[in-house]
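Residue numbers (this note's numbering), protein chains in the order written: chain A, 8 to 350; chain B, 8 to 350.
Treat the hints as calculated values from the structure; they're not laboratory data.
Note that the structure is predicted; figures quoted are calculated from it, not measured.
Any copy, or any two copies together, can satisfy a pair, since identical chains are not distinguished.
Below, computed lysine to any residue pairings styled on SDA-like, alpha-carbon distance capped at 25 Å:
# : residue 1 : residue 2
1 : 256       : 333
2 : 256       : 338
3 : 256       : 339
4 : 256       : 300
5 : 256       : 332
There are 2 protein chains.
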Amino acid sequence: MSTPIVETEIADQPAVVERLLREQEDPIRALADRLRARPPQSILIAARGSSDNAGRYAQHVFGLLCGLPVALATPSLLTLYHTPVRLQNTLVIGISQSGASPDIRAVIEDARRQQQPTVVITNNTDSPLAQLADTVIDLGAGPERSIAATKSYTSSLAAIAALAVALRDDAQLARELRAIPDAMAAQLDRDGAVGTAETWDRCMVAGRGAQYATAWESALKIKELSGIAAEPHSPADLLHGPIAVVGPKHPLLTIATTGPAFDGALEVVGAARDRGAPVLAITDRTSEARAAGADVLVVERVPDWLSPLVAIIPAQRLAVHVALQRGIDVDRPFGLSKVTETT
Amino acid sequence: MSTPIVETEIADQPAVVERLLREQEDPIRALADRLRARPPQSILIAARGSSDNAGRYAQHVFGLLCGLPVALATPSLLTLYHTPVRLQNTLVIGISQSGASPDIRAVIEDARRQQQPTVVITNNTDSPLAQLADTVIDLGAGPERSIAATKSYTSSLAAIAALAVALRDDAQLARELRAIPDAMAAQLDRDGAVGTAETWDRCMVAGRGAQYATAWESALKIKELSGIAAEPHSPADLLHGPIAVVGPKHPLLTIATTGPAFDGALEVVGAARDRGAPVLAITDRTSEARAAGADVLVVERVPDWLSPLVAIIPAQRLAVHVALQRGIDVDRPFGLSKVTETT
Numbered sequence: 008m009s010t011p012i013v014e015t016e017i018a019d020q021p022a023v024v025e026r027l028l029r030e031q032e033d034p035i036r037a038l039a040d041r042l043r044a045r046p047p048q049s050i051l052i053a054a055r056g057s058s059d060n061a062g063r064y065a066q067h068v069f070g071l072l073c074g075l076p077v078a079l080a081t082p083s084l085l086t087l088y089h090t091p092v093r094l095q096n097t098l099v100i101g102i103s104q105s106g107a108s109p110d111i112r113a114v115i116e117d118a119r120r121q122q123q124p125t126v127v128i129t130n131n132t133d134s135p136l137a138q139l140a141d142t143v144i145d146l147g148a149g150p151e152r153s154i155a156a157t158k159s160y161t162s163s164l165a166a167i168a169a170l171a172v173a174l175r176d177d178a179q180l181a182r183e184l185r186a187i188p189d190a191m192a193a194q195l196d197r198d199g200a201v202g203t204a205e206t207w208d209r210c211m212v213a214g215r216g217a218q219y220a221t222a223w224e225s226a227l228k229i230k231e232l233s234g235i236a237a238e239p240h241s242p243a244d245l246l247h248g249p250i251a252v253v254g255p256k257h258p259l260l261t262i263a264t265t266g267p268a269f270d271g272a273l274e275v276v277g278a279a280r281d282r283g284a285p286v287l288a289i290t291d292r293t294s295e296a297r298a299a300g301a302d303v304l305v306v307e308r309v310p311d312w313l314s315p316l317v318a319i320i321p322a323q324r325l326a327v328h329v330a331l332q333r334g335i336d337v338d339r340p341f342g343l344s345k346v347t348e349t350t
Numbered sequence: 008m009s010t011p012i013v014e015t016e017i018a019d020q021p022a023v024v025e026r027l028l029r030e031q032e033d034p035i036r037a038l039a040d041r042l043r044a045r046p047p048q049s050i051l052i053a054a055r056g057s058s059d060n061a062g063r064y065a066q067h068v069f070g071l072l073c074g075l076p077v078a079l080a081t082p083s084l085l086t087l088y089h090t091p092v093r094l095q096n097t098l099v100i101g102i103s104q105s106g107a108s109p110d111i112r113a114v115i116e117d118a119r120r121q122q123q124p125t126v127v128i129t130n131n132t133d134s135p136l137a138q139l140a141d142t143v144i145d146l147g148a149g150p151e152r153s154i155a156a157t158k159s160y161t162s163s164l165a166a167i168a169a170l171a172v173a174l175r176d177d178a179q180l181a182r183e184l185r186a187i188p189d190a191m192a193a194q195l196d197r198d199g200a201v202g203t204a205e206t207w208d209r210c211m212v213a214g215r216g217a218q219y220a221t222a223w224e225s226a227l228k229i230k231e232l233s234g235i236a237a238e239p240h241s242p243a244d245l246l247h248g249p250i251a252v253v254g255p256k257h258p259l260l261t262i263a264t265t266g267p268a269f270d271g272a273l274e275v276v277g278a279a280r281d282r283g284a285p286v287l288a289i290t291d292r293t294s295e296a297r298a299a300g301a302d303v304l305v306v307e308r309v310p311d312w313l314s315p316l317v318a319i320i321p322a323q324r325l326a327v328h329v330a331l332q333r334g335i336d337v338d339r340p341f342g343l344s345k346v347t348e349t350t
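With the rest of the complex left out, here is chain A:
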């Protein structure tokens, strides 16, 4: 059997991110200069699927580094209810790998009507969506031929991180970001074994802070590729009720990397183990995770704010691995189509 395309695309990620950081540095800096001249009060993000998970990262990182409140748009208000919300001093960012989503386009069109600054982050700069925006950030991920987005997701994260750093204008953070492609490459050099996850047929996924996005994207990859149920939650929300489903047949995957959210991501390991659930932790603190009762997938230690760029890699590989074990055509799983033209 030939190597699945998705594995090649996963392996491409360090090079794609490195290229994005290099080739988009000037347009991102120019955008940040314009925004600093007339600072937005808030950010609105319109995206779907993996791009929406990149939006969850944006919510964290623009808040953390720039003090900006970030809302995720509800396109249905525009496309179904034809009721725009009033925007003032709002930077509106559309994220779409294909640039083909009519609902994302509707949000950007509305932002233009309301004379708000617009940015589109896309892998298709010729798309109708890209034509609309004041500024386009080209993901430059090359053709993504597998149905499941991988390199366009991490490239979106890098674009968001680069814009946040440019807005903050911080040389140390910029150095940390430039070191990320090497950490991603080191991650790919690690063993991709997934242990007992091979036998899972459902799971919960936990992550918070920077890794909230990783929990969502991990769950989406697992669902899309392997067809097993995988629901993301922050540890805080998980303990508020959904923990009820966790048990011997319903394992937990937790993203527990060094940073302010580590303790919470470890706490749920204990809660899940108390219910008899197998737990797998994507972690850079293996002995603590093992002591709490988790099996581990080791992740490179990087600064917390950048950890989603690295921690998603073992989750992507886990999703592929579980799918292959189940005999699934991972490049065309379940008749999914690459572009879903939802309105």
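On the provided structure of chain A, position chain B as indicated by the hints.
Only chain B this time, still in chain A's reference frame:
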């Protein structure tokens, strides 16, 4: 076996909502008058669990009726990262049945420091959270003794709807809202049979627009009470990937009520049926839902913007029914605790 408390609390909902609309009319009108004198540019909502699902309804209804952008807060930025985002002209609303969540309190405290108007919607007006707010809306649901929130959820929806109507100052909408307790009572008079759902051991839940909140809250009740996996999505997001898990062993519950989101909620019925999945629709358009291949739970027809107050009732009863079939103590399922003091 005696009647479970949660069934009594579900049955109490029309009376609780009627009381809220009556007793909180004056404080809500006074709040709306103050806000109209100095209109907020946006709303930020802090909540967890069922209250967060009420926040999803707020996102829809304040956008639809008041043109206000609504963001759901990320308390981790405050409680874990100690980094407040800058708020300007933002109405900050905390929703907490118990008033005991430290993370919701942190968001309200920060809003006060930033001199933003604050509202707390709570069932415990003596709570520390309630003490902090400029305005308190008392859910007046009486003690909620079952672990799973039911009457405090619908009472929160009613409080949000009442505030949106008062801000919009629309007599016709106010009349529609006042008619809702009767529609809820009529819903409770309907047969609560759930058909084949008794045998489910996992499901996906779809809903959009007004019913996006219902999809989330239905999924949460099903998880909390019955311990079966239940993941909520908008139909648009579902088709972007998560539909992959839907199949013969993974049914779909869709909230398909009359309104702009109906077509999308019906479209996913076809997509799920194509994958061989059983589908149950909570709907007021039974012949269309049946023609698409769904079994139906009939819901009273009410104005779309208020439909979440009625459509959640069959979902609550479905969750209880499935749990009882599985021999679960529905008032104390899975060792969950009523107040989760997450930070």
